[in-house]
Amino acid sequence: MQSQIEIHTEPLNIQACIAWVMSPESGGIDIFIGTVRNATKGKPVVKLEFEAYNQMAVNEINKILKQAFERWPLQKALVHHRTGTLHVGEIPVIIAVSAAHRDAAFEACRYIIDTLKQTVPIWKKEFFEDGEVWVAAHP
Amino acid sequence: MQSQIEIHTEPLNIQACIAWVMSPESGGIDIFIGTVRNATKGKPVVKLEFEAYNQMAVNEINKILKQAFERWPLQKALVHHRTGTLHVGEIPVIIAVSAAHRDAAFEACRYIIDTLKQTVPIWKKEFFEDGEVWVAAHP
Amino acid sequence: MEITVLAFGIAKDIFGGQLITVELGDSTATTADLKVSLEARYPKLKQLASYMVAVNNEYAEDGGVITELDEVAIIPPVSGG
Amino acid sequence: MEITVLAFGIAKDIFGGQLITVELGDSTATTADLKVSLEARYPKLKQLASYMVAVNNEYAEDGGVITELDEVAIIPPVSGG
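These protein sequence lines are chains L, B, S and Y, in that order. 1 is the number of the first residue of the first sequence in the working numbering; add one for each residue after it. 1 is the number of the first residue of the second sequence in the working numbering; add one for each residue after it. 1 is the number of the first residue of the third sequence in the working numbering; add one for each residue after it. 1 is the number of the first residue of the fourth sequence in the working numbering; add one for each residue after it.
No lab work stands behind these hints, which were simulated from the structure alone. Please read all numbers here as calculations on a predicted model, not as lab measurements. Backbone N, C-alpha and C fix where the C-beta goes; we use that ideal spot for every residue, glycine too. Keep in mind that the hints are not guaranteed to be accurate.
To be verified - Some chain L residues near chain B, calculated using beta-carbon distances under 7 Å: (1) I29; (2) D30; (3) V88.
Claimed, not checked - Below, computed lysine-lysine pairings styled on DSS-like, alpha-carbon distance capped at 30 Å: (4) B/K63 with S/K46; (5) S/K12 with B/K41; (6) Y/K46 with L/K41; (7) S/K44 with B/K41; (8) Y/K46 with L/K125; (9) Y/K12 with L/K117.
Construct all of the structure, not just a fragment, from the sequences and the given hints.
If you want it as structure tokens, here you go:
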């Protein structure tokens, strides 16, 4: 399993992520880039703050990638996640997956981001003009 | 509908494609990058040649993007396709889709590449060490 | 009337060039007439998995009428992406 | 025994800090005992949609035993990505 997992406080490097997953055995790469949206349910967002339990987050992402490599014939998979303060348009997460055939790349990439949002100990606080809230904390 | 369709003889620019689809209204971008694989059914590939019926290809891609915008709530969608001679590792196609929510971006991106391969007048010839073949021409 | 036909991919190889001209008897020929004429001249065309005719950059139905002013192209099975 | 507990996200706000210490009666406490103790001290914890305990960087079952040597963390609902 060829994988790379990094948690950064600095801006993520899209070009480096894509270059890392490319391989001569691959026919396709699927990449998901999360971006900070300017509104949540119609309410303007000023900024986000991301906090991670770094060591455990890397462990949990590694489990997800292992599952993905077991389920699909992949070449390489990469997850970079950012922490700290991010403004609108900035990039909290990049997931990139290469595979001989595109179906595997698409399905694995989507599985990784969906599962990451459910199990990986990273938290996001949204700052609005009139207050702030930890996402998903309350029903 | 915010879309960009280009057919190039020069190498495609990943960074420019991603920058074009990013928008403050988007929460996620899905990108598919096709790459020339070093083998087809176990047979080493030397190079590929892509030929397009340019004007009609742009028309057909435009139809696909219109369908995608009708089916999913998208922000922007881009298709860049390359023609001419490509070697292993080079990039024939980039598809990038941004949307407020990632499900729409993933589904539309996959729909666009799947449909492009079925309807858009672009042809690929594979060159092996011992011969060449137009892909999909024969049963 | 004389129709100029654009060819791509394997059709270009079969015709031996990107452009050929086809003489169709009268002024109300259809894409079906064109196919019959081409297949008589280039039997290898029938060995393709399938092929389409495009008229003015749109896929054409078999009954579609062709005039000398139309841009006509032979579209063998596509394989982009 | 005294357990040091790491807190993240809204749990950090509820505890008023990233690290708190919790006195658990004996040396065979479980994550369930820890939860009871924390919820008594910080009633707001019960208002969360849910929360988990992690022991040594792994999600722990409710019956899991905790010792003073373990790295224990409170994991409120995650929202990365």
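Tested hints:
1. Taking 7 Å as the C-beta cut-off, the interface hint given for L/I29 holds, the closest approach to chain B being about 4 Å.
2. For L/D30, the interface hint holds, the least distance from its beta-carbon to any beta-carbon of chain B being 6 Å, beneath 7 Å.
3. For L/V88, the interface hint holds, since its Cβ comes within 7 Å of a Cβ in chain B; the closest pair sits about 5 Å apart.
4. For a cut-off of 30 Å, the pair hint linking B/K63 to S/K46 stands: about 29 Å separates their Cα positions.
5. A distance of roughly 26 Å separates the Cα atoms of S/K12 and B/K41; the hinted pair therefore holds under the 30 Å criterion.
6. Among the hinted pairs, Y/K46 with L/K41 is consistent with the structure: their alpha-carbon atoms are about 26 Å apart, no more than 30 Å.
7. Taken as a hint, the S/K44 and B/K41 pair is honoured in the structure, with Cα atoms around 26 Å apart against an allowance of 30 Å.
8. Between Y/K46 and L/K125 the CA atoms are separated by roughly 20 Å; this keeps the pair inside 30 Å, and the hint holds.
9. Taken as a hint, the Y/K12 and L/K117 pair is honoured in the structure, with Cα atoms around 20 Å apart against an allowance of 30 Å.
Comparing the model with each numbered hint stated earlier shows that all of them hold.
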